[in-house]
Amino acid sequence: MRFTTQLLLLILCNCLFFSGVLQAQNKFTADVYNADLGLPSNHVESCTADSVGFLWVATRRGICRYDGYNFKPYPAVRGNILSMYNAGNNGLVYYTNTGGLARFNPYKAVAKQIATTQFRDSDPSNDHYNNIFVDNAGRIWCCDFAHVKYYSARKKAFKSYALIDYDSTTDRLATFTQFKNGEVWIASIFGMKLWNEKTGQLTQSRIQLLNNLNFSTSARIGHDSLLLAAGNSLILVQPSTQTILSTANTNITDAIVSITTSYINGKKYVVLASSDKVYTLSNPSAHLTEIFNMRPYGGIINSIYCVRQNGFIWVNSSQGLIKLTPPADAIVNIPVTPLIGNAGESAITQVVKQRNGKGYFVNTSIGECYFTYLDGYWEKLPVAARVNHIVVYGTKLLIATSVGLYVYDGGKVIKVVKIPGIKKVLEAGGYLWLLLDNGPVLVLNKVNYSLAKNWPVKNSPVFAKENLWNDIYATGRGEVYLAGWMRSGFGLAVYDKLQSTFVPISGRTKNENMFIGDYYNHIAPSKKFNLLFSGYGGFNTVNPQGQVTRIISINDHNLANEHVEGIAEMPDGRIWFGTEEGVQVWNPKTDELTLVTTQNGLPSNNAIYGFDLINDNVIAIGFNKAISLLYTGKVFKSTLQNKLVVSSLHVNGKNREVIANKITVSPSERNLQMAFSTLDFADTRKITYLYSINNGEWSTLGNNPILTFSNFKPGKYAITVKAVDNLSNQQTKQLLLYVLALPAFYETIWFVIVITAAVVSLVWLFFAFRLRQLKKIGKFRSAISQDLHDDVGATLSSINILSGMLKDETRLPEKSALYLQRINTDVQQLQVKLDEIIWSLKKEENSLQQIFVKLVNYGYVMMEARDIAFEHYDEMGQQEKTLSYQINRNLYLLVKEALNNIAKHSNATAATLLFKLQKKLLVITITDNGLGIPPERMHKRNGISGMGKRAEEIGARIQINTGNNKGTEIVVEIKL
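Reading the sequence shown from the start, the letters are residues -24 to -1, 1 to 952 in mature numbering (1 follows the signal peptide of the UniProt record, and there is no 0).
Simulated from the structure, these hints should not be mistaken for laboratory data. All figures in this text were calculated on a predicted structure; none of them were measured in a lab. Incorrect hints may appear among the rest.
Stated by the list, open to error - Using 20 Å as the maximum straight-line C-alpha spacing, the simulated SDA-like pairs for lysine to any residue come out as follows:
no., residue 1, residue 2
1, K951, I930
2, K692, N637
3, K441, G460
4, K3, E159
5, K872, M838
6, K135, E159
7, K486, S464
8, K434, S464
9, K892, T858
As the list claims (entries may be wrong) - Cβ pair distances, simulated, as ranges:
no., residue 1, residue 2, range
10, N591, T566, 24 to 34 Å
11, E442, P520, 48 to 58 Å
12, N318, Q649, 49 to 59 Å
Glycine included, C-beta positions come from ideal geometry on N, C-alpha and C.
Sequences are here, hints too, so could you generate the full structure?
Here it is as C-alpha cells:
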C-alpha cells in the first residue's frame, strides 16, 4: 500500500493520547482569492485539478478555471454550484439548485444536462443531487433529503435507495468511496452502508459500530484505507477485511467536514478540516497540528482539496478560495519566544552549537544570552552584564561582556577577567585574543587568563583609538587578522610576529581598486580563497600572502544591497552572505549571484545580524526575535513542476482555443495575446518568463506571462517560451507555439505573378502600339518623300531642263536670258533642299561615309555660289560606322548649319571640312578664313545656339574658336 496500514495505525493510535492540538512552528501562509481578484463569487463550494493541471473552481456564480494568475469564467455553466466532481475524461459533473444535474466538458467548454430540476411536483428529493461521486463504471452517485441514488448513463435512469422514510433537514446525507469494482462504501449520517453491484442492494456493514454512527465525511487515504469522521472521532477502516484498525478522539469540537491527503515537502500527511480550521496529521510525531484558522477571515470552510505535486492545500470557503502554502523545508523559522514581548528590535546576533551536545547558545542585540534546543525551550544565562560575543571551546562557553570575560560550564557563570568593553573574543592556539571597544588587542593564556608574554601587541594607543575594529580571526597557520575601519589604509590588518604589531595589508596588493572600500565587517575562512572579508560595498577574497585576489562589489556584480555582514563558504564552493535585502549566494564557477528572500521563506529580508555555520549544510541566520535555519542543500530546489501551457489566446480581442500548439490567423488577424502558466501555483513573483521568435534572441516578459504579438507579416513563426524561477532554476520543458499568418490575396505569390504578368503585358502592348505608330509614321514619311520625289521633284526637273534649254537659246533677249539664269539657279538650289528633306524624312540608319558625302556635296553647292574655295578631308579609314536616325539627322543638320553660316556671313575665300575617327570618337572640324564672330555676338546668333542644342541632344561636345578677322574653327566631338 502507498500509505501503509501500519503507519496509519501508528498515527491514529497516538492520536488517542493527544493532550491538545499543536500549533505549527513553521506556519503555512494563506493567500485569499476573492471577487476582487477575479473570482466570480466569494462563495466557493469546491475545487479540483484536471489532468493538465488547471484548477477548476465551483462557486455560486458558476464554474471558473484558475491557472495561477487569472480566473477564467465559463458562461456555459451558470448558477449556484452546490456540488462538483472530477470524473476525469468524462469531464466535471456538477449540481445546481436551479439547473439540476449536468456534465461539463472543460476542453470543449460545453455543458450537457443529465437531470433537470422538477419544479412542478411536491417531492423535494427530485430536485437535489448533492455530494456527487462517480464510480469506476461511470455511475453518478448523489443524495437528496431521504435517499442515496445513482444515475446510469447506459440506462439513462436513476436508481434510488431510501435511507429514511421522511425528509431530512439536509440533502448532504452521505459521502461515497470505492475500493473495488462493483462495491461502493456509503458513509451517511444514519450509519455505514455498502452497495453491491451484483445484488443491486444496500446492506449494512459487518462492523456493527459503523452502522450506528453519524458520519460527517469520509475519504480514501490509501490503497486499502478508509478514514471516517464521526463527531470529533476518527475511525480507520480496512475495507478489504471490513475491520476497524483504529479509533481516535481528535479533541476537535466542530465536526470534520472534509478529509484528504497531501505530500508536503516529500512527506505524506492526512489533512482534515472542520468548519473553521484545517489540521495536518503526520508520523512519527503523530500530532494533529492546526495549520489554519478561518475565524479571522469570517465565514466557514466548505471543503479542502490538495494537489499532490506541490503540497498546496486549497480551502474552499464562504469568503473565497484560500491557498495554504506549506513552509519551505529549506528554511525553518524559529521564534525566540523570550523576546516576543519586547518592545523594539531584539535581533539574534549569534547562534553557536555545543560541541558535544544538542543544544545551542544564542546571543542577542540587547545583550541577553540563552541556551536552547531550538524546540521551544529557552534558558537565559545569568550574566550580570551586557553580552557582546560568545565562543564555545571544549565544554565551556566564553562570554565577552561590557565589564569583562565570563565562562559558563553548564552549571554556573564565572567572571574570570575584569576588562571593560570586550567586543569580541577569539580562541586560537591555546590563547584568547580580546578585541576591545576602545583599547588595544589583548592576548591571554587560556589556562589562567593572564597576559601572554610571547604574544605581545605593541601597537600604540593611537592605533586602537583612531581605528575601528569589528572582527578578529585566526587562520590554521596561526595568522591573526583584523577587519574594520582604518584612518589610513583599507580596514584590513594582520599580526606581524617580527614587529609584534598589527600592520595594514593594503601595501601587499598593488591595485588599490581591488578593495571594496575602507570599512569591513566580518572575516570567514575559505578553502578556495583562504579568507573572505565582508564590508560595505561587497566582499573581498584574500590569499595566504595577504593579497586581495577577488572583488565582488556592487559596482561589478548585481548585489542586492551594498551592506554585507555575515559571510560563509559552503562545501560546494558557493559563498553565502547576508545583506539588508536578503541572503545572497555567489557561485565562483559561474560568477553569478542568487538572492534568497522572504519569497523563499525568510521571515525578513534584513539579514545583517547573526550568520553562523551550524554544520556543512546549515546556516543559522539571526533576525528580529527569530532564527532561520537555512538548509543550503535544499534552497535551490525549484518549485517549478516542469509544465508550461497556453492558458488563453485572444485573437483581435476574441478568445480562441489552441489546438496542438498551432495557431492559424487570417490576413485581418494581426493582434495575438497569449497567456502562459507553469501551473505550479507558487508565488507569481518567483517566476520569470522569456520568449524567443524563430530561434532569435531571448526577450523577457518578467513576472507577467502575457505575450502580445502584433503587426506581423505573413509567414510562419515559431514562438518559444521558457520559465525561470527566482533562484535561477530553469525548467527543461519549454513551450513551442507555431503561428501561421495567412497572407492577404495581394500578398500571395500568385497575386505577384499575375500583377507582374499584367505589367509585362501592358508594357509589351505599349511598345507594340508605339512600334506600330512609328511604322505608320515611317510609311507616311516614305510616302511623302516618294510623292515629293515623284511629283515635285519631277516638276522641278522638268523646269530645270526647260530653263536650261531656254538658256541655250541664242535668240532670246539679253534680259530674258538673265531671268532664265536666275530661275535655273533657284531651281537647282530647291532640288538640293528637296533632296535633303526627302533624305531626312527617311528614318533609316546611315553610315558616316554617306553623311560625309552628303555634306561635301552640300558644301560645294553653297561655297561655289559664293566663290569660296571648299576642300574636304576624310580620315575615317576603312571602318564602317552606322549611325542611328537621331544622331544621323542632328549631326547632319549641325554641320550643314555651320557650312551655311560660312557661305552667308563669313566673307571667307576658303573653307574646309574634316571628318576624323579616333577609335570610338568622331571629330568633325569646320574652318574658314573669314571675318570671324565677335565675342559679344557669340550667344545672340540663332545658328550658333541651334548648333549647341543639336549637339546636346545627341550627347556631342561642340567648341567654337573665333575672333575678329581671325576666321572661325568649329570642332564637334561625339562618342559612337
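Within a Cα-Cα threshold of 20 Å, do K486 and S464 meet the stated pairing? Status holds; Cα separation ~16 Å.
For K135 and E159, compute the direct alpha-carbon distance and say whether it is at most 20 Å. 15 Å, holds
Does K692 pair with N637 here, judged by a C-alpha cut-off of 20 Å? 13 Å, holds
Sort out whether M838 lies within 20 Å of K872, counting only the CA atoms. 10 Å, holds
Does E159 sit within 20 Å of K3, going by the straight-line distance between their CA atoms? Violated, because 40 Å separates the two Cα atoms, which is more than 20 Å.
Go ahead and decide if the range 48 to 58 Å is satisfied by the Cβ distance of E442 to P520. 28 Å, violated
Take the C-alpha atoms of K951 and I930, compute the straight-line distance between them, and say whether it is at most 20 Å. At roughly 9 Å apart (the allowed maximum being 20 Å), I930 and K951 satisfy the hint.
Does the structure keep K892 and T858 at a Cα separation of 20 Å or less? This hinted pair holds, its Cα atoms lying about 15 Å apart.
Does the Cβ pair N591, T566 satisfy 24 to 34 Å? Because 25 Å falls inside the window, the suggested range holds.
Between the beta carbons of N318 and Q649, is the distance compatible with 49 to 59 Å? 52 Å, holds
Agreement of K434 and S464 with the hint, judged by alpha carbon distance not exceeding 20 Å: 18 Å, holds
For the pair we were handed, K441 and G460, check the Cα-Cα distance against 20 Å. 13 Å, holds
Checked against the numbered hints above, the structure violates hints 4 and 11; every other hint is satisfied.
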